[in-house]
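S.K.: Residue strings, one per chain:
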Amino acid sequence: MSTTAEPGVAEPAATGVHERFTALAERQIELGEVRGAAAADPVNLPMIRHWTAAMGDANPVYTDAAFAGASVHGEIVAPPAMAQVWTMPGLGGGKGGTSPVDELMVALDEDGFTGVVATNCEQTYHRYARLGERLVPATRMTGLAGPKTTALGVGYFVTWLVTWYSEDEPVAEMMFRVLKFRPREEKAAPEERTRYPLRPAVNRDTAFFWEGVQEGELRIQKCGDCGELRHPPGPVCPSCRSANRVYAVASGLGEVYSFVVHHNPPVPGIETPFVVAVIALPEGIRVVGNVVECSPEKVGIGMPVRVEYREMDDELTLPMWVPRES
Amino acid sequence: MRTLTEDDIECGTVLPPLHIELTPTTVISTALATMDFTPVHHDTERAQAQSSKDIFLNILTTMGLVERYVTDWAGPEALIRGINVRLGVPAYAGDTLTLSGTVISREDGEVTVQVRGAVSLGDHATGTVRFCLPC
Numbered sequence: 042m043s044t045t046a047e048p049g050v051a052e053p054a055a056t057g058v059h060e061r062f063t064a065l066a067e068r069q070i071e072l073g074e075v076r077g078a079a080a081a082d083p084v085n086l087p088m089i090r091h092w093t094a095a096m097g098d099a100n101p102v103y104t105d106a107a108f109a110g111a112s113v114h115g116e117i118v119a120p121p122a123m124a125q126v127w128t129m130p131g132l133g134g135g136k137g138g139t140s141p142v143d144e145l146m147v148a149l150d151e152d153g154f155t156g157v158v159a160t161n162c163e164q165t166y167h168r169y170a171r172l173g174e175r176l177v178p179a180t181r182m183t184g185l186a187g188p189k190t191t192a193l194g195v196g197y198f199v200t201w202l203v204t205w206y207s208e209d210e211p212v213a214e215m216m217f218r219v220l221k222f223r224p225r226e227e228k229a230a231p232e233e234r235t236r237y238p239l240r241p242a243v244n245r246d247t248a249f250f251w252e253g254v255q256e257g258e259l260r261i262q263k264c265g266d267c268g269e270l271r272h273p274p275g276p277v278c279p280s281c282r283s284a285n286r287v288y289a290v291a292s293g294l295g296e297v298y299s300f301v302v303h304h305n306p307p308v309p310g311i312e313t314p315f316v317v318a319v320i321a322l323p324e325g326i327r328v329v330g331n332v333v334e335c336s337p338e339k340v341g342i343g344m345p346v347r348v349e350y351r352e353m354d355d356e357l358t359l360p361m362w363v364p365r366e367s
Numbered sequence: 014m015r016t017l018t019e020d021d022i023e024c025g026t027v028l029p030p031l032h033i034e035l036t037p038t039t040v041i042s043t044a045l046a047t048m049d050f051t052p053v054h055h056d057t058e059r060a061q062a063q064s065s066k067d068i069f070l071n072i073l074t075t076m077g078l079v080e081r082y083v084t085d086w087a088g089p090e091a092l093i094r095g096i097n098v099r100l101g102v103p104a105y106a107g108d109t110l111t112l113s114g115t116v117i118s119r120e121d122g123e124v125t126v127q128v129r130g131a132v133s134l135g136d137h138a139t140g141t142v143r144f145c146l147p148c
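Protein sequences appear in the order of chains F and A.
Take the first sequence: its letters are residues 42 to 367, numbered as in our numbering.
Take the second sequence: its letters are residues 14 to 148, numbered as in our numbering.
Hints were generated in silico from the structure; no laboratory data involved.
A hint or two may mislead.
So the derived list for chain A, only partly shown, Cβ under 8 Å to chain F, looks like this [stated by the list, open to error]:
no.: 1; residue: M14
no.: 2; residue: A46
no.: 3; residue: M48
no.: 4; residue: I72
no.: 5; residue: R81
no.: 6; residue: L100
Covered stretches of chain F, as calculated for chain A (at least 3 residues, CB under 8 Å) [said to hold, decoys possible]:
no.: 7; stretch: 126 to 132
no.: 8; stretch: 157 to 165
Note that beta-carbon positions come from the ideal geometry of N, C-alpha and C, so glycine has one too.
Okay, chain A solo, but in the shape it has when bound (with noise of 0.2 Å):
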């Protein structure tokens, strides 16, 4: 497991893209390992009393994969600095998150990863992560 390097990185460095089925074990698991026990994320009656279509990812959870994305691609010793996230449409049981994402900006020692997360009705979230890798 390696962490990549100042050369392995430039500006517009595309990152693989990471498919998430999000089946109900991945949204219910995740809210609950991030201690969000809100019904709309594991219980699907009252997510539909309340005008969802399913239960959904939490936003813990959001920024959780958004970081495992960024990580599972720099490298375990990348050191992640902050994580900037607008969401968008809700991320339902059922569907699948794309992860995608591109190097915007190289500046002393930090990189900024430009990150969007679809399903299949829009962006889930959009935003950017910035890591420094180790000296």
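Isolated chain F (complex conformation) (with noise of 0.2 Å):
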């Protein structure tokens, strides 16, 4: 590993791991070219029409039969960029013959380089192949160039140069590289939360208890001159009628009173079933609220709970029970 600071030359994840992609590459590139399977067909003028209708080419030289024996070719001829479409393995793989590329591929893969990206496409063609002519490919893997920091995270450049034959005569060549590369995680996208469906009534009477919550805090009712705690909170307090209001923070600890597994109706928002219970909290009072993080079964009477805040969407937070170690 070079020790400048070279630009868009990243750290290997493991120098192990980068060793071992070093040494493979090497030993497939002294390999040299590998021959693969022939052609299933060979050259011939179904193939071409389909291409040639495919890719809208109107050239008569592939077609014609009578203007390409007129032609400089004197017979027709296979478009050049088909070279590669001979020996394409086609719907079900093939014969499937290896290629010296194809170990690289697969350790590379299990490193977690899972993404690949073609990134150049190089061929050459000595001359065009005629009808009749059944061509075999032969595989080189030239180069291992990375890690490297791209667009699309830390990859490897993989080239190899593949070599049509027709007998022993070099028709064309490609030379082709591809990245394989990590993928980036994925950022979570800072999308709109759909509305939760179940709003709380907010009134006057009861504003303090949600503000609290959308502030991380379980805000019981408390008679301001008594001083006795309520809750749900109410306009007068029902021990000295007074209507002097203020509240007390709990510890948000409490355990299960009572509770019920609703099973239906359905519910928007809520997958069925959940538990609603009455929770006794250590200040005197119980409140209502969802047991959460504990499937329904586990769920019993004096389980000990604490409070969580959920967000529900942008605007909303309730309060939830958990469960806690006693």
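Take each chain as given, in its own frame, and dock them per the hints.
M.R.: Laid out in structure tokens, this is it:
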């Protein structure tokens, strides 16, 4: 590894991995040219016709025997850019000969470089292929470069060369380069959350409670005169009839006093079954809420819980109760 | 159908642009005509499952269209010697591929055309095509 700060060059995830890739690449490069399976079909007019029709290529040297015969070619020839088409494995993979590139690609996949994108395709045509020629591909691995930091992620460029032979005569060559990259973690898009369908009824008597939840406080109404706690909030103290109201902040601990498991009917915004519980607070009052992060069959009377504040959407936070160690 | 002669071509000659509507039929028929059955070139759901917007052109087709673009202009007997393509953004179904080109050199009977294939997202392919005129 170079110690100079070379832009665009990333440290490999683990030195051992990089050395393994390099060794594998060197071995594959030393193998030299490896012949693959011959084309399933010789160069033929029906496949040329399908290709020219799909490409919209009206060049008559590819399909018109009379024109081609009188042309510089003297006979029908295949479009040069079809070179690779003749030896494509086709649907089902064909005979599946291995190439010297395969092993390195598998090794890269296994180390998380699962992304692949072709970056360069350079074809050289020595001559036009003629009808009846059966092309044979031969692949030579030529290079491994990396790891490099790219817009897609850190990756390795793998380069190989394919030569298509007719008998022993090379007809066409292709240099092909791909980037095998480790896909970047998807960043959580700041997408707009859908509005939670169940809204608490907030009024002047209860607003302090919901404001507290928003702040991460469990506020319990308290009589401004006798100091008695009461919940749910109301306008008048049941003990002394005072209309003076303040609040206390509860510890947020509690235990299940009673509960039901709701199976039916369906409730928008909540998956059934869910637990609705009466929670007894050590402050001496009880509040109603959902018990979450616990399967309904594990909920029991006396179960210790603590409050958690859940953001249901961009505006609404609800207090919920989760199990705690007693 | 005439093939251009040396008199028709000089450095700086601009090729007429070619617009190709990338209908699903275009993307799929070219993928299959190039014997490429990779699902991302014919199966929208599979393409989208791999974070692609839609099915997109395969590379063998890009090469074929670049070749066609130059021979459409140069004529049927122009002899294509090589195509070098640097691949860029995907060419999705529903987009339009616009090919443009300029002659950048003419040496020893070999002409080099610089070609650009652009889609709405940017350059899909940029590179050169080399060809010779028949003697």
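S.K.: State for each hint whether it applies.
M.R.: Hints, verified against the model:
Given the 8 Å rule on beta carbons, the hint for A/M14 holds: about 7 Å separates it from the nearest Cβ of chain F. The closest approach between the C-beta of A/A46 and any C-beta of chain F is roughly 4 Å, which is under the 8 Å cut-off, so the hint is satisfied. About 4 Å separates the beta-carbon of A/M48 from the nearest beta-carbon of chain F, less than 8 Å, and the hint is met. The interface hint given for A/I72 is met, as the beta carbon of that residue sits about 6 Å from the closest beta carbon of chain F, less than 8 Å.
Evaluation of the A/R81 hint against chain F yields a held restraint, the C-beta minimum of about 4 Å falling below 8 Å. Because the closest C-beta pair between A/L100 and chain F is about 5 Å apart, less than 8 Å, the hint holds. Coverage of the stretch 126 to 132 of chain F by chain A holds in this model, with 5 residues showing a Cβ closer than 8 Å to a Cβ of that chain against a need of three. Given as covered by chain A, the stretch 157 to 165 of chain F passes the check, having 8 residues with a CB less than 8 Å from a CB of that chain where 3 are the minimum.
Checked against the numbered hints above, the structure violates none of them.
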